[in-house]
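Chains as they are written, first to last, in full-length UniProt numbering: chain A, 1 to 266; chain B, 1 to 288; chain C, 1 to 90.
These are calculated hints, taken from the structure and not from any lab test. Here the structure is a predicted model, which is why all the values come from computation and not from measurement. Heads up, a few of these hints could be off.
List time: in silico SDA-like cross-link candidates among lysine to any residue, alpha-carbon distance up to 20 Å [as the list claims (entries may be wrong)]:
(1) B/Lys3 - A/Asp129
(2) B/Lys204 - B/Ile157
(3) C/Lys35 - C/Thr25
(4) A/Lys2 - B/Val48
(5) B/Lys206 - B/Phe74
(6) B/Lys3 - C/Gln28
(7) A/Lys97 - C/Ile20
(8) A/Lys5 - B/Leu11
(9) A/Lys97 - C/Ile12
(10) A/Lys215 - A/Lys159
(11) B/Lys8 - A/Lys215
(12) B/Lys204 - B/Gly236
(13) A/Lys2 - B/Tyr183
(14) B/Lys3 - A/Pro186
(15) A/Lys159 - A/Pro186
(16) A/Lys215 - A/Lys97
(17) A/Lys97 - C/Ile74
(18) B/Lys8 - A/Arg174
(19) A/Lys215 - A/Tyr91
(20) A/Lys97 - C/Ala5
(21) A/Lys97 - C/Trp70
(22) A/Lys5 - B/Ala191
(23) A/Lys5 - B/Ile25
(24) A/Lys5 - B/Phe74
(25) B/Lys204 - B/Gly232
(26) A/Lys97 - C/Val22
(27) A/Lys2 - B/Asn6
(28) A/Lys97 - B/Ile25
(29) A/Lys159 - B/Ile25
(30) A/Lys97 - C/Met24
(31) B/Lys8 - A/Tyr91
(32) C/Lys35 - C/Glu2
(33) A/Lys2 - B/Gln184
(34) A/Lys5 - B/Met281
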Amino acid sequence: MKTRKLLVLFIYLVFVLVPIYWLVNMSLKSNREILSSLTLWPDTLTLDNYRVVLTDPTWYMTYLNSLSYVTMNMVISLAVALPAAYAFSRYRFLGDKHMFFWLLTNRMAPPAVFLLPFFQLYSSIGLFDTTIAVALAHCLFNVPLAVWILEGFMSGVPKEIDETAYIDGYSFPRFFIRIFIPLIRPGIGVAAFFCFMYSWVELLLASTLTSVSAKPIVVQMTSTISAAGIDWGLLAAAGVVALLPGIAVIYFVRNHVAKGFALGRV
Amino acid sequence: MDKIHNNKAWLLVLPVFALVAFSAIVPLMTVVNYSVQDIFGPNNRYFVGTEWFSQLLRDPLLHNSLLRQFGFSFSVLAIEIPLGIVIALSMPRRGLGVPTCLILLSLPLLIPWNVVGTIWQIIGRGDIGLYGWALNEVGIDYNYAANPTDAWITVLIMDVWHWTSLVALLCYSGLRAIPDVYYQAARIDRASHWAVFRYIQLPKLKNVLLIAVMLRFMDSFMIYTEPFVLTGGGPGTSTTFLSQTLTKMAVGQFDIGRAAAFSLIYFLIILLVTWLFYTAMTHTDDKA
Amino acid sequence: MEWMAWTLPTAIFFIVIGLILVGMTVWQMVTPGVKRRGFLPISTTRGDRLFITLLAAGYGHLMLLGLTVWPLWIATLASVVAFVIIMKWG
Numbered sequence: 001m002k003t004r005k006l007l008v009l010f011i012y013l014v015f016v017l018v019p020i021y022w023l024v025n026m027s028l029k030s031n032r033e034i035l036s037s038l039t040l041w042p043d044t045l046t047l048d049n050y051r052v053v054l055t056d057p058t059w060y061m062t063y064l065n066s067l068s069y070v071t072m073n074m075v076i077s078l079a080v081a082l083p084a085a086y087a088f089s090r091y092r093f094l095g096d097k098h099m100f101f102w103l104l105t106n107r108m109a110p111p112a113v114f115l116l117p118f119f120q121l122y123s124s125i126g127l128f129d130t131t132i133a134v135a136l137a138h139c140l141f142n143v144p145l146a147v148w149i150l151e152g153f154m155s156g157v158p159k160e161i162d163e164t165a166y167i168d169g170y171s172f173p174r175f176f177i178r179i180f181i182p183l184i185r186p187g188i189g190v191a192a193f194f195c196f197m198y199s200w201v202e203l204l205l206a207s208t209l210t211s212v213s214a215k216p217i218v219v220q221m222t223s224t225i226s227a228a229g230i231d232w233g234l235l236a237a238a239g240v241v242a243l244l245p246g247i248a249v250i251y252f253v254r255n256h257v258a259k260g261f262a263l264g265r266v
Numbered sequence: 001m002d003k004i005h006n007n008k009a010w011l012l013v014l015p016v017f018a019l020v021a022f023s024a025i026v027p028l029m030t031v032v033n034y035s036v037q038d039i040f041g042p043n044n045r046y047f048v049g050t051e052w053f054s055q056l057l058r059d060p061l062l063h064n065s066l067l068r069q070f071g072f073s074f075s076v077l078a079i080e081i082p083l084g085i086v087i088a089l090s091m092p093r094r095g096l097g098v099p100t101c102l103i104l105l106s107l108p109l110l111i112p113w114n115v116v117g118t119i120w121q122i123i124g125r126g127d128i129g130l131y132g133w134a135l136n137e138v139g140i141d142y143n144y145a146a147n148p149t150d151a152w153i154t155v156l157i158m159d160v161w162h163w164t165s166l167v168a169l170l171c172y173s174g175l176r177a178i179p180d181v182y183y184q185a186a187r188i189d190r191a192s193h194w195a196v197f198r199y200i201q202l203p204k205l206k207n208v209l210l211i212a213v214m215l216r217f218m219d220s221f222m223i224y225t226e227p228f229v230l231t232g233g234g235p236g237t238s239t240t241f242l243s244q245t246l247t248k249m250a251v252g253q254f255d256i257g258r259a260a261a262f263s264l265i266y267f268l269i270i271l272l273v274t275w276l277f278y279t280a281m282t283h284t285d286d287k288a
Numbered sequence: 001m002e003w004m005a006w007t008l009p010t011a012i013f014f015i016v017i018g019l020i021l022v023g024m025t026v027w028q029m030v031t032p033g034v035k036r037r038g039f040l041p042i043s044t045t046r047g048d049r050l051f052i053t054l055l056a057a058g059y060g061h062l063m064l065l066g067l068t069v070w071p072l073w074i075a076t077l078a079s080v081v082a083f084v085i086i087m088k089w090g
């Protein structure tokens, strides 16, 4: 039984890791080697592809664009979601359940549905092709996500703490910032991580709302496809660079990963 | 339910309400406006009533892409949910293996969706991809770019690769919540593995599975980027799902009125399914 | 607002929806409703029943448009009737 379990797990992990390995493998090869023969590891290791991605401004600027709208989105989402999540976890008020459900529908709604109006909306207020437009558009699904995750974490904090603080004469803002926020620091970290991640991986809205000056990395990657064929090595290198941020911080949220993906409901 | 009733809490929710209203209600109203008009330009539009809806609802384009979408979403659920449970059951419960497994399993979930498409685009190719090459070597004529069945299967396997970890992680955290006492009792009773699963683990997993099914259904229902990169929706339209059909209509052909009507139908489906899941979720909360 | 391409019928539609929401809120504040069980398989509040009706009305209108050539007001009329029934006994 024990070995059978390990075998299942092992096979699945191999299934998960081989494609990622293959991407890294390809990113370290030259295009000539990629197209000439199939090799399990690079015959001649080259960092040329990475050199292009990290030194060519058309590449690294898109990387910075992505980072800037993702960061903005994260800050906006958390700033508005924190008080709202507190309200949902502590109080009952008129229409609370319906409001909560409505937020959920926005997390579930396909971005494609909002594509047309977003395009028109941001064009009409002159924000088309700016990073702030993408940051705001991504709030559509990230604000609900943050509210749900934070509500899950906040419900785990005993209410007695609030009551004691109020009796001790704390005002709400002071209590919230000085006592409550430090208490749910892990929750904030997890919510921030998931806002970051979902904004980072999204392509449809990011590509529709930008053209040149705010082009994100996920869109720039499509430029490796030209009439001359696909620059596989460069594409793979860009892919590896694009998946680094998530991997860099996964260690810190590993114990809450499930909770974050499940909208704080586990 | 010992929450205090206080309508002032609305003040705390107001920022979220304002922001989401700006990015959800205003656009949705716009979609409704567009859906009853034929729009050629800013000052060149005609009221056509419900013409787009009647047309679309009889359009095989919508029917086919809806059928494909449901077929895809149900296949995804049928594979990912059982597989995720099996993997969660196989994971170690303590020791160094736990964080290692958690991190390795999370990897596919953190990859940008177009990179997921890229990865499978590469690895499925017969000339430069390991899987495609291996399949061709053992004599299977596999080509996802030309054969609709192969394309369909590749998109499905890609989704399994991408998202099964999510189901596994959710189930794993559900399993961890079961106290050891339960297992000890089962051991004393000499319960079979199946009995342990059926009567101890599965009931505890119910809530987690509900969330897993909801997330996987909804997310696979709006899948766009991965098949777009992998197959471009082809060959033909064999892997063109709802989101891509809609995007093509809206951005590709700039067929605004029709796309808006399509969006509304799409949104109504999402609304119904989400509501069903939400009701099921809060319903179990009430009982617990 | 020009980009939103308003038309009279859709404006009326949203005003009606808005009025219903305001009306329901006022009603709830004046005489708070409680969760109860009617002929619907789950126990619902007034707001839940409103949502169920609106959703059903949406699907009803689409079905009428997709399956028949009847005029649209038939579906609207049916929705109003459904609204009253679900509100009272749902």
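Structure-based check of each hint:
The straight-line distance between the Cα atoms of B/Lys3 and A/Asp129 is roughly 44 Å, outside the 20 Å bound, and the hint therefore fails. For the suggested pair B/Lys204 and B/Ile157, the alpha carbons sit about 29 Å apart, so the restraint of at most 20 Å is broken. Of the supplied pair hints, the one linking C/Lys35 and C/Thr25 holds, its CA atoms being roughly 15 Å apart against a limit of 20 Å. The hinted pair formed by A/Lys2 and B/Val48 fails the criterion: a straight-line CA distance of about 66 Å is larger than 20 Å.
The straight-line distance between the Cα atoms of B/Lys206 and B/Phe74 is roughly 19 Å, inside the 20 Å bound, and the hint therefore holds. A C-alpha spacing of about 19 Å is found between B/Lys3 and C/Gln28, which places the hinted pair at or below 20 Å, so the restraint holds. Among the hinted pairs, A/Lys97 with C/Ile20 is consistent with the structure: their alpha-carbon atoms are about 18 Å apart, no more than 20 Å. Note on A/Lys5 and B/Leu11: the hinted pairing is violated, with a Cα-Cα distance of about 52 Å set against a maximum of 20 Å.
Annotation: proposed proximity of A/Lys97 to C/Ile12 is violated, straight-line Cα distance about 27 Å (limit 20 Å). Restraint check: the Cα-Cα separation between A/Lys215 and A/Lys159 comes to about 46 Å, which exceeds 20 Å; the hinted pair is violated. For the hint pairing B/Lys8 with A/Lys215, the CA-to-CA distance comes to about 42 Å; that exceeds 20 Å, so the pair is violated. Proximity of B/Lys204 to B/Gly236 is assessed by CA-CA distance (about 44 Å); at most 20 Å being required, the pair is judged violated.
Among the hinted pairs, A/Lys2 with B/Tyr183 is consistent with the structure: their alpha-carbon atoms are about 16 Å apart, no more than 20 Å. Between B/Lys3 and A/Pro186 the CA atoms are separated by roughly 23 Å; this puts the pair beyond 20 Å, and the hint is violated. Pair hint A/Lys159 plus A/Pro186 holds up; C-alpha atoms about 18 Å apart against a cutoff of 20 Å. In summary, the hint linking A/Lys215 to A/Lys97 is not supported, as the alpha carbons are separated by about 38 Å, beyond the 20 Å threshold.
Only pairs whose Cα atoms come within 20 Å are accepted, and A/Lys97 paired with C/Ile74 is rejected, the gap being roughly 32 Å. For the suggested pair B/Lys8 and A/Arg174, the alpha carbons sit about 18 Å apart, so the restraint of at most 20 Å is met. Under the criterion of a C-alpha separation no larger than 20 Å, the hint pairing A/Lys215 with A/Tyr91 is inconsistent with the structure, at around 42 Å. At roughly 32 Å between alpha-carbon atoms, A/Lys97 and C/Ala5 are farther apart than 20 Å, so this suggested pair is violated.
Proximity of A/Lys97 to C/Trp70 is assessed by CA-CA distance (about 37 Å); at most 20 Å being required, the pair is judged violated. For the hint linking A/Lys5 to B/Ala191, the alpha-carbon distance of about 18 Å falls within 20 Å, and the restraint holds. In summary, the hint linking A/Lys5 to B/Ile25 is not supported, as the alpha carbons are separated by about 49 Å, beyond the 20 Å threshold. About 27 Å separates the Cα atoms of A/Lys5 and B/Phe74, which puts this hinted pair outside 20 Å; it is violated.
For the given pair, B/Lys204 sits about 41 Å from B/Gly232 by alpha-carbon distance, which is inconsistent with the 20 Å threshold. Only pairs whose Cα atoms come within 20 Å are accepted, and A/Lys97 paired with C/Val22 is accepted, the gap being roughly 17 Å. Distance check on the hinted pair: A/Lys2 and B/Asn6 sit about 53 Å apart at the alpha-carbon level, beyond 20 Å; violated. Restraint check: the Cα-Cα separation between A/Lys97 and B/Ile25 comes to about 18 Å, which is no more than 20 Å; the hinted pair holds.
About 34 Å separates the Cα atoms of A/Lys159 and B/Ile25, which puts this hinted pair outside 20 Å; it is violated. Proposed proximity of A/Lys97 and C/Met24 is supported: the alpha carbons are some 15 Å apart, at most 20 Å. Annotation: proposed proximity of B/Lys8 to A/Tyr91 holds, straight-line Cα distance about 9 Å (limit 20 Å). Pair hint C/Lys35 plus C/Glu2 does not hold up; C-alpha atoms about 42 Å apart against a cutoff of 20 Å.
For the hint pairing A/Lys2 with B/Gln184, the CA-to-CA distance comes to about 17 Å; that is within 20 Å, so the pair holds. A hinted pair counts as satisfied when its Cα atoms are at most 20 Å apart, and A/Lys5 with B/Met281 does not qualify at roughly 31 Å.
Checked against the numbered hints above, the structure violates hints 1, 2, 4, 8, 9, 10, 11, 12, 14, 16, 17, 19, 20, 21, 23, 24, 25, 27, 29, 32 and 34; every other hint is satisfied.
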